[in-house]
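Asker: Here's the letter readout for the chains.
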Amino acid sequence: MKQGNTIVIDPVTRIEGHSKITLHLNEDGRVEEARFHVTQFRGFEKFCEGRPFYEMPSLMARICGICPVSHLIASAKACDSLLAVRIPPTADKLRRIFGLAQVLQSHALSLFYLSSPDLLLGMDADPAKSNLFGVAEKNPELARDGIRLRQFGQQIIERLGGKRIHPAWIVPGGVSEPLTATNRDAILDALPEALSIVERTLEWFKSTMENFREEIASFGNFPTMFMGIVKQDNGLTFYDGKLRIVDASGKVVADALDPTRYSDYIGEKVEPWSYMKSAYYKPLGFPDGVYRVGPLARLNVADRCGTPLADQELAEFHELQRTAVLSSFHYHHARLIEMLYCVERMERLLNDAEILSLHVRAVAEPNALEGVGACEAPRGTLFHHYKIDDQGLIRWVNLVIATGHNNLAMNRSILQVAKHFVRGHHLTPGMLNRVEAVIRAYDPCLSCATHALGQMALHIQLLSPGGEVLDQVARG
Amino acid sequence: MSLTAAVKTLRIDGRDLSGRQEETILDVARQHGIFIPRLCEMEGLSDVGACRLCLVEVKGQNRLLPACVTAVEEGMEVTTNSDRLQKYRRMILELLFTERNHVCAVCVSNGHCEMQMLAQGLDITHVHFPYRYPKVEVDASHDRFVIDHNRCILCTRCVRVCDEIEGAHTWDVLGRGIDAKVITDLNEPWGLSETCTSCGKCVHVCPTGALFEKGRSVAEMLKRRQFLPYLTLMREENE
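Chains A and B are the protein sequences, given in the same order. Residues in the first sequence are numbered consecutively from 8, following our numbering. Residues in the second sequence are numbered consecutively from 1263, following our numbering.
Since the hints were made in silico from the structure, they are not lab data. Bear in mind the structure is a predicted one, so any value in this text is a computation, not a measurement. Glycine residues also receive a C-beta, built at the ideal position from the N, C-alpha and C atoms. Warning: the hint list may mix true and false statements.
Said to hold, decoys possible - Derived CB-CB ranges, DEER-like:
1. B:G1373 - A:F293: 42 to 48 angstroms
2. A:L198 - B:R1487: 40 to 46 angstroms
3. A:T187 - B:R1487: 25 to 31 angstroms
4. B:S1460 - A:L376: 20 to 26 angstroms
5. B:F1297 - A:N146: 52 to 58 angstroms
6. A:T187 - B:Q1283: 51 to 57 angstroms
7. A:A91 - B:Y1492: 38 to 44 angstroms
8. A:G50 - B:E1450: 30 to 36 angstroms
9. A:T187 - B:F1489: 29 to 35 angstroms
10. B:V1310 - A:D265: 52 to 58 angstroms
11. B:T1387 - A:R151: 32 to 38 angstroms
12. A:L198 - B:G1453: 49 to 55 angstroms
Can you make the complete structure from the sequences, with help from the hints?
Answerer: Written out as structure tokens, the structure is:
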């Protein structure tokens, strides 16, 4: 809907959580400012206070139904440091497999369920058809592949953790049950199919990139820093390592940062118009310290993937741009390469000689009053930070979530897309869809980022210089 | 009194049954595999008739009677399950859920909780009363055990097992009505209790996740309640 000189898209569709977008127009009807408002509030950091810390992984998993495993991992790692234990090596590997399965299913959800309608049917497609059913009509194999791949990831989670959503299997000190040979073999048997799905989707995606030149040039294509966790050898990882930050030219800005000291270099700013905080790199201040996290960032910071097929694709990916790969449109591409890595890496871990060991849990009383856990969630770096009292009850919680890191960059991306595609006081579905599509490229999870409940939907507002609402569009 | 005079014959749910005169309706029903829901009653402990879930219909009586404290009588006709009883039982459980903060999904007793099982058995999917959401403390001062008052339903099994079986009487009830709560010693932190022997019986008789062992994660608190009748039996034999 349009009133005066403001366009409102409310709600934003095909993303995870609730949000709206407002576009402010100048006198000439050109977009002057854009804001991404997250309109949900949850309060997880507050209501955990007073709970025994052993409950935290399961409580934190409830932040999200899509990436509960990342919250379980970050939370359990924070609890491991409260116990001050080194978890058994098999537990470490099992947690890694669990995390990879989740990245695979979450990336499949983002790419196939949420973004493939834009990629297959085009940005100007009829909104009524821009969904997985529209995809299934035009390219049934693509839709089937997406559903199958997500199912594959979810089934691994179920085989390891007992259920697909919010499994309580990851506990402070390790995992609650060892892996059985039957489950290991069942997962290994299904891996080749998953691999071929990812491979053919990658080929399809690369073949469609030609159709999106204008989008690639304007979808969050600007210089920012990138942050991600890398292994000791600077390879790609999702579970554990050191933080690395690179600038837009691909040069390392900060290396081997200890993730547990995140508050030394990451600040969080609260804006009055959104429930989502904006994270920034402290040495450069706000808002110059803008950086991106997630698949694009991870592939920009890591030297290698460490698995043959993914490394081959990574080399091709880096050919897209000599510097760091800057366009947020390439998040999709990075997501596919990461899926390839997940399948290859899982196979290696599942064939580990120790993987069926029964020793999967370290038992201890709390030995430290403060603990930080960090991991790479599908959408980027995730921090859980807890303080407990001497009885083991939670006294303070801080969560820094992937989508929060990307907030500044998402706002800038919306402005860039809106300036490029939105003209005049009249809105077309294609214009709006591009504004939404750039958000989808980031695959934000607003439920996580605001720690709110409900379905994702988009709301775009067009505002006049005087601030009145010119037009707004609501979908959801 | 002759031996036969002590035996009463009665009918429960249409079945002709008999019990000794000191036995309750619940005792006789249990002996014959007839299920009557209850949360405060436990074999091996004295009965208090507090939870009212075992209410049954007795022919000729206008009011419902608690099966756990009603002695069998000659010629009694008892109905343990009817639409009316189900309605009341659901209501009682729903009220228990609203009284404090029961969040099954993240509870140590998820999947092993007596209250959760009863609710599932009565097909409770929603609670029709507004939740109170009181702010209630967790006492984790004991070395091995935790009491989370959020999940306490005041069944007083802990109070009775501590007094009657362990003989320590660490637990008791403070306050009245909605303000009532179980306390250790004279309302001191559990970890400071001088009477507690750390035997853990209270933890294992607790029907919900209110009492649990430290370090247990979600759904990990399996309670062993079957020990109680044996303890009682051995004690009686030794006396």
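Asker: So, for every hint listed, does it hold in this structure?
Answerer: Now for the hints, and whether the structure bears them out:
no. : hint                                 : verdict
1   : B:G1373 - A:F293: 42 to 48 angstroms : holds, 47 angstroms
2   : A:L198 - B:R1487: 40 to 46 angstroms : holds, 44 angstroms
3   : A:T187 - B:R1487: 25 to 31 angstroms : holds, 29 angstroms
4   : B:S1460 - A:L376: 20 to 26 angstroms : holds, 24 angstroms
5   : B:F1297 - A:N146: 52 to 58 angstroms : holds, 55 angstroms
6   : A:T187 - B:Q1283: 51 to 57 angstroms : holds, 54 angstroms
7   : A:A91 - B:Y1492: 38 to 44 angstroms  : holds, 40 angstroms
8   : A:G50 - B:E1450: 30 to 36 angstroms  : holds, 32 angstroms
9   : A:T187 - B:F1489: 29 to 35 angstroms : holds, 31 angstroms
10  : B:V1310 - A:D265: 52 to 58 angstroms : holds, 57 angstroms
11  : B:T1387 - A:R151: 32 to 38 angstroms : holds, 34 angstroms
12  : A:L198 - B:G1453: 49 to 55 angstroms : holds, 50 angstroms
In terms of the numbered hints stated before, the structure departs from none.
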